[in-house]
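S.K.: The hints should help you fit chain B onto chain A, whose structure is shown.
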Amino acid sequence: MTSNNDGFGNGTTRRKVLECMTWAGTGLLWMVSGGVPRSLGLVDQSVAQEKQGLTFLQISDSHVGFDKPANPNAKGTLEEAIGRIKALPQQPSFMIHTGDITHLSKPAEFDDADKIISQAKLDVHYVPGEHDIIDEEAKLYRERYGRGSKGDGWYSFDAGGVHFVGLVNVKNLKAGGMGSLGEDQLKWLAGDLKGKTASTPVVLFAHIPLWVVYETWGWGTDDGARALDVLKGFGSVTVLNGHIHQVMQKVEGNVVFHTARSTAFPQPAPGSAPSPGPMKVAEDKLRTMLGVASVTFKRGDQRLAIIDTPLQG
Amino acid sequence: MRVLLMAFAMGAALACVLAPLAAQTAIVEVKIDNFVFSPERLTVKAGTTVTWINHDDIPHTVAAKDRAFKSKVMDSDELFSFTFSTPGEYSYFCSLHPHMTGTIVVEGTTGSSASQ
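So the protein lines, in turn, are chains A and B. Read in order, the letters of the first sequence correspond to residues -16 to 296 in my numbering. Read in order, the letters of the second sequence correspond to residues 271 to 386 in my numbering.
If you're looking for bench data, these hints aren't it; they were derived computationally from the structure.
Lysine-lysine pairs mimicking DSSO-like chemistry, simulated, CA-CA at most 27 Å apart:
| hint | chain 1 | residue 1 | chain 2 | residue 2 |
| --- | --- | --- | --- | --- |
| 1 | A | 233 | A | 215 |
| 2 | A | 89 | A | 154 |
| 3 | B | 335 | A | 89 |
| 4 | A | 122 | A | 98 |
| 5 | A | 215 | A | 154 |
| 6 | A | 104 | A | 122 |
| 7 | A | 51 | B | 340 |
| 8 | A | 122 | B | 342 |
| 9 | A | 122 | B | 340 |
| 10 | A | 233 | A | 281 |
| 11 | A | 69 | A | 281 |
| 12 | A | 215 | A | 177 |
| 13 | B | 335 | A | 170 |
| 14 | B | 342 | A | 89 |
| 15 | B | 340 | A | 157 |
| 16 | A | 281 | A | 104 |
| 17 | A | 89 | A | 104 |
| 18 | A | 170 | A | 122 |
| 19 | A | 170 | A | 133 |
| 20 | A | 154 | B | 340 |
| 21 | A | 263 | B | 301 |
| 22 | A | 154 | A | 133 |
| 23 | B | 340 | A | 89 |
| 24 | A | 51 | B | 342 |
| 25 | B | 342 | A | 154 |
| 26 | A | 157 | B | 342 |
| 27 | B | 335 | A | 122 |
| 28 | A | 122 | A | 89 |
| 29 | B | 342 | B | 301 |
| 30 | A | 157 | B | 301 |
| 31 | A | 154 | B | 301 |
| 32 | A | 263 | A | 89 |
| 33 | A | 157 | B | 335 |
| 34 | A | 281 | A | 215 |
| 35 | B | 301 | A | 89 |
| 36 | A | 154 | B | 335 |
| 37 | A | 281 | A | 179 |
| 38 | A | 51 | B | 301 |
| 39 | B | 315 | B | 301 |
| 40 | A | 177 | A | 154 |
Values in this document were obtained by computation on a predicted structure and should not be read as measured data.
The shape of chain A in the complex, shown without the other chains (with noise of 0.2 Å):
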């Protein structure tokens, strides 16, 4: 976990946020309340719940097909997240994926997502990873989940007065570079957001990181910095990832960075292994490494809260 508080109670910005973090066994809950700091202490299910206002899911990381020895079953870990998302006591919104649903993009692997990830009975909204495009013009993930969006399927679209931006940075990958958004997208993003108001609470999500998580994996967005410049006098800005296959944090001005655990395989810390594959942990480890997030709006206190929850422990 990161965080950067770089300028922060210099004076020079007009910053009403605050963060606060607690680390607790079950996940990660952080808060921010108008200029001040709030510790929750130990996070349980109960505290997301006496919020009232908008909660969505995100799932990711998926691989659905995989039966690598880091998890011979993605399926069934999928499965398993999905079942505790319909056990919650109260249900989410929607949910978004942000990305590599499929392993290998083969149609049965789409089938079979579709098939565990819909028993949630939510609406999903999705963006691409790069492993959900390996066909010739991505033409299955369009197919499914592209109607409605421009460009290579990034959209956008309001819930409960916060401004969702689903965006596509793993097309057009140029040669030594990280995630791309490119030209089209950055110029469509500045017209989406052209008429919000400052305050409007905006969500960006996207597979990879936008932020540089760690150069030398490629975990990041080459134009990433762009899509925040877009979003600089916005008062509350998300960015949800995936693609690194674990909770990673940083807060930077009015801007909260967060990636997302996957549901099939964890990936190890950056720099810590040869490389970003598929880390292969303990049979008993495996499901505390593995799970989905909760995401918690709740307008007029400015209040936001990131609930990560593992598959178990």
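M.R.: Frame of chain A, contents of chain B only:
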């Protein structure tokens, strides 16, 4: 080699195949291990067939920067071969993980000073 040539003919402009590792002789190999092409820079004579092998648990591709060649996705232990007939320097990368890059240098066969 015959398999390669047939596939070439059938696949029109497709100068590549994903094929099981058959009993081919003198394979010039580039291994993919831990998200790295190895050797990262390889020098061969014109006419040489280079075969990439993916040893990772994650799929990769081999894509020329100038689009001279591009493999289909290679899952674990799958291969991709390409025959380099024209001398020159070919930079390539994995289109899924673009930080993975490599170069094939193809030398002309006529030049007597050509060495590896």
